[in-house]
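Now for the letters of each chain:
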Amino acid sequence: MALVLNEEQQLLKESAEGFFTEKAPVSQLRKLRDDADETGFSTELWTEMSEMGFAGLLIDEDHGGTAFGCVGAGIVAEALGKTLSASPYLASGVVAASVVKAAASEAQKNELLPAIAAGEIIATLAVDEGSRHAPEGTALKAEKSGDAYKLSGMKTFVPEGHVADKIIVLARTGGEAGSTEGLSLFIVDRGASGLIVDRTISVDSRNWAKITFEGVTVGANALLGAEGKSFEALDSALDRARIVVAAELLGIAQHCFNETVEYLKERKQFGVPIGSFQALQHRAAQLFGEIEVTRSAILKALQVADAGGNVAWFASLAKAKASKTAELATNEAIQMHGGIGMTDEFDMGFYIKRARVLQHLYGDFNYHADRFARCSGY
Amino acid sequence: MSDLEAFRTETRAWLEENCPQSMRTPMKGEADFCWGGRKFKFQSEDQKKWLERMATRGWTVPTWPKEYGGGGLSKDEAKILATEMKRIGARPPLVSFGIWMLGPALLKFGTEEQKKEFIPPIVRGEIRWCQGYSEPNAGSDLAALATKAVDHGDHYIINGQKIWTSYADKADWIFCLIRTDATVKHDGISFVLFDMETPGVSTKPIKLISGYSPFCETFFDDAKVLKKNLIGEENKGWTIAKYLLTHERSNIGDMGTPTPLNMLAKDKLGTKDGELPDTMLRHQIAEHEIDAACFLFTLERAKDAAKAGGDQGAFSSLLKGYGTELNKDRHELIVKVNGSDAFEWEGQFSNNGEVARSWLRTKGNSIEGGTTEVQLNIISKRILGLPS
Ligand SMILES: Cc1cc2nc3c(=O)[nH]c(=O)nc-3n(C[C@H](O)[C@H](O)[C@H](O)COP(=O)(O)OP(=O)(O)OC[C@H]3O[C@@H](n4cnc5c(N)ncnc54)[C@H](O)[C@@H]3O)c2cc1C
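The listed protein sequences correspond, in order, to chains A and B. If you use numbering that gives the first Met the number 0, the first sequence corresponds to residues 0 to 377, in order. If you use numbering that gives the first Met the number 0, the second sequence corresponds to residues 0 to 387, in order.
Keep in mind that the hints were calculated from the coordinates and are not lab data. Here the structure is a predicted model, which means the values were calculated and not measured. Check before you lean on any hint, since a few could be wrong.
[Stated by the list, open to error] Below, computed lysine-lysine pairings styled on DSS-like, alpha-carbon distance capped at 27 Å: (1) B:Lys-302 to A:Lys-12; (2) B:Lys-380 to A:Lys-264; (3) B:Lys-48 to A:Lys-12; (4) B:Lys-380 to A:Lys-267; (5) A:Lys-228 to A:Lys-140.
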């Protein structure tokens, strides 16, 4: 397969970029923050996004999706990375949809996927318990009693967990924390008794939740996949999410870079545009190179993910590189804007904040460089 | 699609039958390259056979037009040929400046007569070319070149000096930039071809830090150059020179698919619980291999974009700059992996200091074909549109 976008994907890219620029520019995120909005995103926007088919890109047509696949999901993520449009796209349309696809039974898929694709429900994944991504570190317990399971423990860093209707939670039905054996996935309704959801306002003006499970009881039909055998499906779903997060980071890096190059042409000091200084030209040119090679790795990873199979190596490559490049791009953007880059009035602050959160989400550079090495056998 | 699949099947069968087993082993270094040319000594009968068989099909240059001896393959077919060669580990049958640099420029700017005369011997590896661009006072500022040409009707008499001319002492012909008008800079340069055996042409090897002498000073003392071997118009050589450089750069940047550092490190240092025991080295290798993989996919993307009709142009500067810096980094890590063994300069054990000499050679990657800084200048100006 050629490592370029095909015509249909090119069209999706153009329509997504047009959509977010018009409907949800970064000023929308600023307003949500300034208004201390409780939801943290515009529900009208999410409805429109769902109507556009963006909530169901990863979902096949039989389940009400638009079946654009991972390449499509990456294209939309990159576009909304450029505008920082806030929505449950990642939590529900990408992560939760991927987990359901990878782990759920046909009946569960029939129930959940059409609702996710239509934006009727917001689903999210609760995986991490500490400040670092470590799915196998899960200690949250699921004890079986008869036909039911009782969940006790806590999860953190759950994207859009404060508004999610359905929470997919990774729990331990066997084995010790640290083991990939004995992990199971359950889907829990927001209103379940014993479920305590604490909204956390994040540095990037988005929201996640800390969720405490105080003996939440669910039926056997809440189990996604076979008991104790969920790690593989989870990791493969997470890999797809990681690549899409990498694509959002790419959008952020690309936007910051574009803004910076424009500023280098406009801003004058010493009577000349600062972009005529070679020290800045070379830094810009180097950043250009980093963004381009990052773009190649992400597109490759998205294509491989669509082809099916094990994408761990590609996902870690994409997430590691995108994290590094986004860090560089946001730092360079602020530095090359001088004092104005430090002001809240200027948008760059929103980008650097969002970038760091996404860099960390589902494994940071070190996590994925280490995993990349292990996948390569060293 | 089925046509391409048929092509793949045929190609696979043909390669299976025609690529000698010894030409399917990894090349250990430049000494294993087949450069061709009048003075070239084949390493083995297999090397010679492999070149002849591939050249007969035009597959030394798969996409060049058939009428000049090329393979006439579409880009899709060429990609299949490349994959099939890679599959069996086939060595390139021929490498040369004629293929990387001169050929593409001739195809674009040469007259029909010139193409008929000069391209087929490149395809067959009969004439080896060198590049006479740089001069002692014209390096990054190449257009400052001063090799003087005086017009004598149907020929020029040239005087001056080139430097860093790779393989000038081994080459048969030179493609050379000369000054045909000294009153202007870029618009006074012409692009000519001539035989290195022309009276008045002499070379003097320069020794590199690697201990080898792959390049020379090249002197012209009243050398006669026929005007029929002027490519393009007089004083319009700069355009051709630049076009050729974009090809040179894409090629320098493309380091192929080198053995991953982790393989070298595992062979040398072993593993503990499946991981390299030196955790800092492991980390450095992972960082490098991540960049290397991203770069490899960028080469793939650039080729696919070019196939889809995009103009590579200044993007070759990115490939050149990024690829060569990466290769330097790679060799620094190879030295670290090998520890003190990397420093043996002579002797059987190290194959005469191969690790050290290769490492030192890579330092030139970011200088030859335009330095890294020059590539960054080109990206800044031509791609980003930053002001002068
Ligand atoms: C291994 C090798 C093989 C070569 N083979 C050939 C060959 O076959 N034919 C041929 O013609 N030439 C060849 N060259 C020459 C090569 O093209 C030149 O060395 C190169 O263009 C740099 O020129 P220079 O050596 O004069 O360095 P200089 O131009 O003097 O550069 C010195 C330093 O100044 C920097 N610099 C210069 N100008 C700028 C600027 N505007 N902005 C920022 N930094 C700048 C450079 O990047 C470099 O770091 C070869 C060189 C090497 C190392």
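So, going through the hints one by one against the coordinates:
The suggested pairing of Lys-302 of chain B with Lys-12 of chain A holds, with an alpha-carbon distance near 21 Å, which does not exceed 27 Å. For a cut-off of 27 Å, the pair hint linking Lys-380 of chain B to Lys-264 of chain A stands: about 11 Å separates their Cα positions. At roughly 50 Å between alpha-carbon atoms, Lys-48 of chain B and Lys-12 of chain A are farther apart than 27 Å, so this suggested pair is violated. Of the supplied pair hints, the one linking Lys-380 of chain B and Lys-267 of chain A holds, its CA atoms being roughly 18 Å apart against a limit of 27 Å.
Between Lys-228 of chain A and Lys-140 of chain A the alpha-carbon distance is near 15 Å, which keeps this suggested pair within the 27 Å criterion.
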